[in-house]
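Line by line, the protein sequences give chains A and B.
Using numbering that gives the first Met the number 0, read the first sequence as starting at 0 and increasing by one per residue.
Using numbering that gives the first Met the number 0, read the second sequence as starting at 0 and increasing by one per residue.
The hints are simulated quantities; they were obtained by calculation from the structure and are not laboratory data.
Below, simulated DSSO-like cross-link-like pairs (lysine-lysine); rule was C-alpha separation at most 30 Å, straight line:
# : chain 1 : residue 1 : chain 2 : residue 2
1 : B       : K388      : B       : K18
2 : A       : K48       : A       : K111
3 : B       : K37       : B       : K7
4 : B       : K341      : A       : K31
5 : B       : K341      : A       : K79
6 : B       : K77       : B       : K37
7 : B       : K341      : A       : K111
8 : A       : K111      : A       : K81
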Amino acid sequence: MFDDLRDLYQEVIFDHNRNPRNFRVMDNADRKVEGFNPLCGDRLTLYLKMEGETIVDASFQGSGCAISTASVSLMTEIVKGKTDQEAQDLFKIFHEMTTGKDEQINLEAVGKLAVLAGVREYPARVKCATLAWHTLDAALKNEQNAVSTE
Amino acid sequence: MTNFPVEKIRADFPILAEKIRNKPLIYLDNAATCQKPKVVIDSIVHLYSHDYANVHRGVHTLSVRSTDKFEGARTKVKEFINASNEKEIIFVKGATEAINLIAQTYGKANIKAGDEILITAMEHHSNIVPWQMLCEQTGAVLKVAPINLQGELIFAEFEKLLSDKTRLVAVVHMSNALGTINPVKKIIASAHSKNIPVLLDGAQAIPHMKIDVQDLDCDFYVFSGHKLYAPAGVGILYGKRALLEAMPPYQGGGDMIRKVTFAETEYNALPYKFEAGTPSIADVVGLGAAIDYLNEIGMDALAAYEAELLAYATEQAKHIKGLRIIGEAAEKGAILSFVLDKIHPHDIGTMLDSLGIAIRAGHHCAMPVMVFYQVPATARASFAMYNTKQEIDSLMEGIRSLIEVFG
Ligand SMILES: Cc1ncc(COP(=O)(O)O)c(C=O)c1O
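Work out the full structure: start from the sequences and follow the hints.
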């Protein structure tokens, strides 16, 4: 029935929505930032544990749609072990992938995140996918204020 | 079902023939804005093709024709809501502008530090924020009457909050987030017994029921044309004449003056005092056409048909496991707000859209209502007179399938 949506709602997304990874409060977090999408009411709290420039642990709490939950869940998996700079570079590539209309997706660079490429066809849903990353960006810049996608 | 001529009505709305993602459009976002019948669209084309010029100025033929149509629409609105005089019908941009106008004119003139403005917990942001702004400017206090879990105003609490400091009651007639129809006559009687004027936000009520402002005895009634099958860009502020006469003007400019010198300005009479600048002429004419169209159908017949649609949709929705209806007031208009267990309203919206079904997912500009029900957002199907039982069946089938997909 939902054939048209197969690019947007891939099985991986349902999987992460049902069983989000790293879905926990982190008591000894070095960074804690809240992200909010006023359009749909999505809220998440992102926790990071840093060792020098390296993200050694990432987790989150909050509620959101399947796209935003899968996005933050995948993100916490992929940034673990990455340096601040590597994570920011990934954000840039992710942003291009989800908003760039015609560009080729660099599948190698985005890895698993490629399952979220489908949102580019759904402008109303792009923010669902990018909220996690904007929140990460704020956390890496050590901004304490809540992030809003508006 | 009654023999309401829904198929004939559907044929009057060109957009209903539209295909969305290769499927017939099922438009269930009428509370946000509703679609326009051909007569309304044609009225605009006709005006611009044959009669258009600025209104109230100039003696040339087109200006006269344009003014006649414009003022003719005012008379139609007056009759549609049974106001006693055209002077009580002010054209504004929409319900939002009307409420802001009242806050900044009536409010500033009559509400002082320590005074209270009473609203309810189910208001649209447009009936919250203008009052907060006024409170900030004047030092007045905003009071909020609570609702119960069905989404009904707790009337006893409302009455308790009516104090000798209350200067204005501003209440939504029908809630856009819950569908609740408030007991406005009781509210008005109660407020009037303490000489407190009442503003009704009729943005949602107006397309669903016969409104008689004299029978209601409300002091202000506001609504937007775009929710009444008319173009966006025009709305109505109805006010009792004595109140409007006493209010200072809102914006300054052309049309709202009688005489201007650099020393002083004499304001124009009602309704023009509140209509500074060139209005949205074609939209006003379109509103007149929409009212003619609705009068032909009959608001009572329309209301009866929509009540059947809502009852049917509610009944069907209750059979879906994991679906929770938000807003179950005994008195309700044609709005079905709901949430699904473990499925975010935004996902519901996207999935239904892929089936050609347009619903709203979000907070519906009523964030306090979302907080009250502890949901981030709801999905909302809102019905109009052109919707059918078959469309509701498709909606329910869509909901069932997406629940399955999410598993
Ligand atoms: C209850 C209610 N009040 C006020 C408004 C504001 O109407 P508008 O945006 O047309 O000014 C709306 C529109 O959504 C509404 O539903």
